[in-house]
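Q: Quick note, the sequences are listed as chains A and B, same order. Counted the way our numbering counts, the first sequence spans residues 1 to 329. Counted the way our numbering counts, the second sequence spans residues 1 to 93.
There may be inaccurate statements among the hints.
Think about it this way: if two alpha-carbon atoms lie no more than 20 Å apart in a straight line, the pair counts; the simulated EDC-like pairs of lysine to aspartate or glutamate are [unchecked claim]:
| hint | chain 1 | residue 1 | chain 2 | residue 2 |
| --- | --- | --- | --- | --- |
| 1 | B | K31 | A | E104 |
| 2 | A | K146 | B | E30 |
| 3 | A | K324 | A | D212 |
| 4 | A | K106 | B | E90 |
| 5 | A | K177 | B | E30 |
| 6 | A | K101 | B | E30 |
Now the stretches of chain A that chain B is said to cover, found in silico as 3 or more residues with beta-carbon under 8 Å [claimed, not checked]:
| hint | region |
| --- | --- |
| 7 | 5-12 |
| 8 | 79-92 |
| 9 | 109-116 |
Worth flagging that the hints you see were computed from the coordinates, not collected in a lab. Every residue, glycine too, gets a C-beta built ideally from N, C-alpha and C.
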Amino acid sequence: MLIEKLCEKKNIPLYSIFELTYRCNLQCIHCYIKKDSKKELNFYQIKSILNQISSMGTLFITFTGGEVFVRKDFFKILNYATNKGFAINIFTNATLLDKQKVYELKKFNISEMGISLYSLRDEIHDYITGVRGSLKKTLKGIYILKERGFNIKVKCPLMKVNYSDYSQIIDFCNRLKIKYLFDPVIVPYNDGDKSILSLRLDKTQIEKIIRDIRIVKRYKIKKGFLKSNVLCSAGKNFCSISPYGDVYPCIQLLISAGNLKESKFKKIWNHSKVLKNIREIKMGELKICKNCDIIYYCNRCPGLAHLEDGNLYGPSKIACEIAKIRKNL
Amino acid sequence: MYQRIDHRIRKSKKIASRIIEGNTYVVIPEKRALYKFNKVGTYIWKCISNDIRVKCIVRKVCKKYDVSEKRAEKDVKNFIKDLVKKNILEYVD
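For reference, chain A alone in the conformation it holds in the complex (with noise of 0.2 Å):
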């Protein structure tokens, strides 16, 4: 798309990722977002917000959390935003919906809603969200958003706990026509901490996951991908906004350029050390991974890598274990 390339070169926000709440009525276990008693950006400190990015040229925006339909203001928010003109992108467990708020939100400029589902077996499911009932209640969600005509992404990070449960949950996809993603790459708490990784999968069933034809399509091999001085898009056309009002470049990329209670945004993403810091890394400076050989099968991430091992430059673990297994496929 030729507008996401004119953006990352003249650094304009086209997306921005915009975390409302860490709340959450969930407690899955492998959330990366460790619970704090900060104080959330408000309705008001929102708007700003929004009219900021807004004319900074943010088109597409993406409401996450913890769960955002725990914000009580979470319509009002939609309403300013669709009034804005964002085109938005909702990621929600979808527990909390019902026929009437699903019935309002067919009034907001929604492209799709991204809905966390694990398995469809009650025993698995809820044991990874911590709450009994909670697949029914997500399973009611996705029916009565494909029933008022959403377009809806089942999103499914896979563990060693649900591993065994993705061929089905594909074939629930395809059976209502909606579309679905699996993530192998669990990723460390937002602090640093790693004790969720052992819920990763191992590499046997990785390399399953790869050659699966029906979800390979996220694994094919980006040509170019040496040639290339551009790391990611993090910090370039992407930014990450939190509910504290931190503006990271990347949702996985955790080092803040600024908080928006204390400064506009216009200032943060012009002006920002870090954010100049990460625009202009160039390959020649990952040293390690510049001169590894299976580098044209990696799909490193900056942000993983900084979270796994703290070094910005350095290679992202689950990054090297998926470039060795598209090697040999």
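Assemble the complex: chain A is given as a structure, and chain B must be docked to it using the hints.
A: Same frame as chain A, now just chain B:
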């Protein structure tokens, strides 16, 4: 629908849009469709801030681009007709 010069038009509420580097990008979120307007299209887009008659836009385009009214009317009507067909614009009356 037959398009008259005194038709009033407005932007659909079911679209998202931005002007980036001088060009307008319009998204229909439900369809996940993206359209790009060139500079002239962007000028017309900016003219449609509230309900506006097609003939007012034609007049503005004539003035801005120094073209004949006949030529401007033809181009503006085609542009608007296309956007109405795509549900980006709608007739008010």
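Q: Next, verify each hint and record whether it holds.
A: Hint by hint, here is what the structure shows:
no.	hint	result
1	B:K31 to A:E104	19 Å, holds
2	A:K146 to B:E30	13 Å, holds
3	A:K324 to A:D212	16 Å, holds
4	A:K106 to B:E90	19 Å, holds
5	A:K177 to B:E30	15 Å, holds
6	A:K101 to B:E30	18 Å, holds
7	5-12	holds (count 4)
8	79-92	holds (count 5)
9	109-116	holds (count 4)
Violated hints for the displayed structure: none, as all numbered hints are satisfied.
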